[in-house]
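J.: Spelled out, the chains give:
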Amino acid sequence: MELQEYHVKHIFRQAKLPVLKGVVAYTPEEAVEVAKKIGKPPYFLKAQIVGGSACYGSLLTPDTRTNGCIYVKNREDLFAAATELFGHPSWLNEADTLFEIHKIYVEGGVNEATEIGRFVFRVNFEEQCQMLSVVSPLGKLTSFHIDNTLTEDILDGALCAFHVTDEKTQKSLLNILKKAYKLFRFYGAMAVELSPIVQLKDGSLKIIDGRLVFDPNTTHKFPELIPLIESRIGKEREKLARENHFRYMGLKGNIACVVNGIGLGWATVDLIQRKGGKVAALLDIGTEPTKETVTKALRLVLSEPNVDGVLVNIFGGSTRCDLIAEGLIAASPEMATGLPLVVRMDGINMDAGQRLLYESRLPFVVKTKMDEAVRAVVKAVKEKR
Amino acid sequence: MFFLPTKETPILCQGITSSIGAVHTELALAYGSHIVAGTSADKNIRQFLGVPVYKTVSEAVKAKDPKVSVVFATPTHALKDVEEAMKAGIKMVVCITERLPMHEALKMKNLAEKMGVCLVGPSSMGIGVMNQTVVGSVPLHLFKKGKIALVGRSSSLLWEVARQLSNAGVGVSSVVSLGADHLIATSFVPVVSALLKDEATEGIVVIGQVHGQFEYELAEFYKKQKNKKPMWCYIPGRSLDRSDKRPLLGMQTVKFLDVIEAKKMALMAAGALWVDSPDMFGKVIKKGKNR
Numbered sequence: 050m051e052l053q054e055y056h057v058k059h060i061f062r063q064a065k066l067p068v069l070k071g072v073v074a075y076t077p078e079e080a081v082e083v084a085k086k087i088g089k090p091p092y093f094l095k096a097q098i099v100g101g102s103a104c105y106g107s108l109l110t111p112d113t114r115t116n117g118c119i120y121v122k123n124r125e126d127l128f129a130a131a132t133e134l135f136g137h138p139s140w141l142n143e144a145d146t147l148f149e150i151h152k153i154y155v156e157g158g159v160n161e162a163t164e165i166g167r168f169v170f171r172v173n174f175e176e177q178c179q180m181l182s183v184v185s186p187l188g189k190l191t192s193f194h195i196d197n198t199l200t201e202d203i204l205d206g207a208l209c210a211f212h213v214t215d216e217k218t219q220k221s222l223l224n225i226l227k228k229a230y231k232l233f234r235f236y237g238a239m240a241v242e243l244s245p246i247v248q249l250k251d252g253s254l255k256i257i258d259g260r261l262v263f264d265p266n267t268t269h270k271f272p273e274l275i276p277l278i279e280s281r282i283g284k285e286r287e288k289l290a291r292e293n294h295f296r297y298m299g300l301k302g303n304i305a306c307v308v309n310g311i312g313l314g315w316a317t318v319d320l321i322q323r324k325g326g327k328v329a330a331l332l333d334i335g336t337e338p339t340k341e342t343v344t345k346a347l348r349l350v351l352s353e354p355n356v357d358g359v360l361v362n363i364f365g366g367s368t369r370c371d372l373i374a375e376g377l378i379a380a381s382p383e384m385a386t387g388l389p390l391v392v393r394m395d396g397i398n399m400d401a402g403q404r405l406l407y408e409s410r411l412p413f414v415v416k417t418k419m420d421e422a423v424r425a426v427v428k429a430v431k432e433k434r
Numbered sequence: 014m015f016f017l018p019t020k021e022t023p024i025l026c027q028g029i030t031s032s033i034g035a036v037h038t039e040l041a042l043a044y045g046s047h048i049v050a051g052t053s054a055d056k057n058i059r060q061f062l063g064v065p066v067y068k069t070v071s072e073a074v075k076a077k078d079p080k081v082s083v084v085f086a087t088p089t090h091a092l093k094d095v096e097e098a099m100k101a102g103i104k105m106v107v108c109i110t111e112r113l114p115m116h117e118a119l120k121m122k123n124l125a126e127k128m129g130v131c132l133v134g135p136s137s138m139g140i141g142v143m144n145q146t147v148v149g150s151v152p153l154h155l156f157k158k159g160k161i162a163l164v165g166r167s168s169s170l171l172w173e174v175a176r177q178l179s180n181a182g183v184g185v186s187s188v189v190s191l192g193a194d195h196l197i198a199t200s201f202v203p204v205v206s207a208l209l210k211d212e213a214t215e216g217i218v219v220i221g222q223v224h225g226q227f228e229y230e231l232a233e234f235y236k237k238q239k240n241k242k243p244m245w246c247y248i249p250g251r252s253l254d255r256s257d258k259r260p261l262l263g264m265q266t267v268k269f270l271d272v273i274e275a276k277k278m279a280l281m282a283a284g285a286l287w288v289d290s291p292d293m294f295g296k297v298i299k300k301g302k303n304r
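Chains as they are written, first to last, in our numbering: chain A, 50 to 434; chain B, 14 to 304.
If we strip away everything but chain A, and leave its shape as in the complex, we get (with noise of 0.2 angstroms):
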C-alpha cells in the first residue's frame, strides 16, 4: 500500500526534511502555471502514479521517460513536456492495467546538484528483521541490520557507505537518516525509501523522490491517510476488499475464486492452471467469514469485468460450511447472469452446508473435493465460451 509521490513529500515536508518546492498540476495549462509559482527552472513533471513514477535516472543523464518523469531544462519545453505525460497512453501498474495519468507533480529549485546516494529503511521479509540499505552515487550497496534502535554503529556505517567524509554534509544526512527512520517507525511502515539524495551549490542537501510503503496491518491506525492511497484494482472493489478485510488479487483470467485461507487459494490457482484454466481474481474471506461478508465476497468476484465462471473452494477448518452456503444463497440475485457457479464444500457442518446449496434450487454445482471441483469448473467454462 503506497501513496502518490506529492502526499509523501508532504508528508516530508511536514517531517522537516528537504524536499524541494512542488506543486500538482492537472492540465499541460496548470503546469505551466505552477511552474512561475516554483520559480526557475530546471522543473522534473513527475507522472502521479503508484508504484509507476520514478525518478530513476541521474540527474545529469534525465533519461527517466519510461518511468513517468521528466527532467525539463527551459521553461519554453514545460508544456510540450507536461502534454507529453498527460497523453501518455500505456503507463502500466501492477496488475498490468492501463493506467490514464490525471495529474503530475511539478517540482523546481535544483539546477547544478551532485548525488549524493540513495537509502531505504525497510522490514525485511527475507531475513526477518529491519533494515537500513545505502546504495552509494556509484552503486555500491551496503546493508545494515536494525535490532530495535538506529545505534551510532550503524550511523557511522551508513555515511561511509555514502561516502561523505566533510562535516556539514555529514550532519545534515545523519539528521534526514534518523528523520526518515522516526518516520519509518511512527508509521509501523514497511519501508521509508529516499533517492536520489542530491547536494545543491550551496551545500543543502534536498530529496528528489521519495517512497512510503505502509503495512496494510497498521493502516487503521492512520485513518487520514485511507482515501489517499490509490486504488490497485479498480476503486470500488478494492474499497470492498479493505472495508471487508478480503485479501484481493486481480490476475487475468476468466475464472474468479472464492477461498478461506490463502495457501488453499494460491494452490487452487495453481490447479485451474494446470486443468487448463485461468484465474480472473482471486478474494480470501479470511479465517472468521461471516453470512454477511460471504455475500459481499461473492458479489465483489462477480463485478470483475472478464469474469465467466466462479469457483468457491471452502476447507471449513474453524468455519462451518453451512455459514457460508447462507451467505452464497443471500448473493442468488446476483447469480441470474447465467455463470456456472461451482461450490467445494468440505469440512465442519460440510452436509448441511451442501444440503443448504442443494434445497435452494439455486444453480449451484457442488463437490466435495478440490480436483473435482476446479474441474468442474474448468469444463463449465469452456464449454460457455
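Below, in silico cross-link-like pairs of lysine to aspartate or glutamate (EDC-like), each with a Cα-Cα straight-line distance of 20 angstroms or less:
1. B:Lys93 - A:Asp196
2. A:Lys301 - B:Asp254
3. A:Lys217 - A:Asp251
4. B:Lys122 - A:Glu176
5. A:Lys324 - B:Asp289
6. B:Lys120 - A:Asp196
7. B:Lys296 - A:Glu421
8. B:Lys127 - A:Glu176
9. B:Lys120 - A:Glu175
10. B:Lys300 - A:Asp420
11. A:Lys324 - B:Asp254
12. B:Lys277 - A:Glu175
13. B:Lys242 - B:Asp211
14. A:Lys70 - A:Glu161
Worth flagging that the hints you see were computed from the coordinates, not collected in a lab.
As the structure is a computational prediction, the values presented were derived from the model and not from experiment.
Chain A is fixed; fit chain B onto it per the hints.
T.: Okay, now just chain B, sitting in the frame of chain A:
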C-alpha cells in the same frame, strides 16, 4: 525448544473468553486437551467452560504450571500478551493472532529469541497431535489417525492436505501450523527435527511459502540427517505472477515461479520429495508408503 505436546501437557489459554478463544477452547476441550488455566481481558471472570480463569499469567503459572500457552488476542494486544507469557516463564507460546503490525511481529520474534522461548506464530493456527491434544485451533476431528505429520505456513492448505491423506486411508499423526504472515518466529527446522524423533511419525509433509528463507534452512538441515524419514514438499503460487512491481532500493523483482523452482531444487537435492499438484498428496503419499 519446540516440542510435540501430549494429552498430559498442561495448557494455558490467554484470551479464553474472546469470541475466537471461546470457540477453539471448547473444541480443544472436547478433543481432550488438558487446558488447566485461562486469562481474560475481563478481570471479574473466575471460571469459563469449567477452566479456572486468572487475573494474570503469573498467577496462572503459580497455580497450575502450564507448559505451553496459546494466545487468542486482537492484533492490538497480541504483543503484550505474548510478552506477559514469556516473562512469566512459559517456554512455548503459540500465537494465533494474525495480521499483526509488522514492526510488532518483529519485536515479538526478537524478544522470544532473546528470552529463549519457542514462539510459534504469530498467525499460527496451532499444534495438533492425533489422539493426544490440540493447542490452538487445529481441526483434528476432521482427520484420521495415521503416521504422516504435516507442517506448513498456511493453515488452510494444511487442513486440505490432512483431509486428502485421511480420505486416501493414509491418515495423519501431527499437524503443526507455523503461520502464513510474513514474519513468524518458529521455522520448519525445529519442528521437522522434533518430528524426525517422533515415534508416531513415519513421514513428513512440508507446505512452504514463496516468501522467506525457511525452505533453504530446512534443505540444509535435512541434508545432514542420517535418520531420514521421507519428506514430501509443496509450495503454492507457481502460477501467480506479480513480479512487475517497482522494487525497493537494493531489491530485485523475482518471479514466484523462479523462487519456487529454486526452493524445489534445494529440497530435492537434500533428498526430499516434491508434490507437483496440490490435489495429489493422497495418491502420491499412499503410493510412496506402499513401495
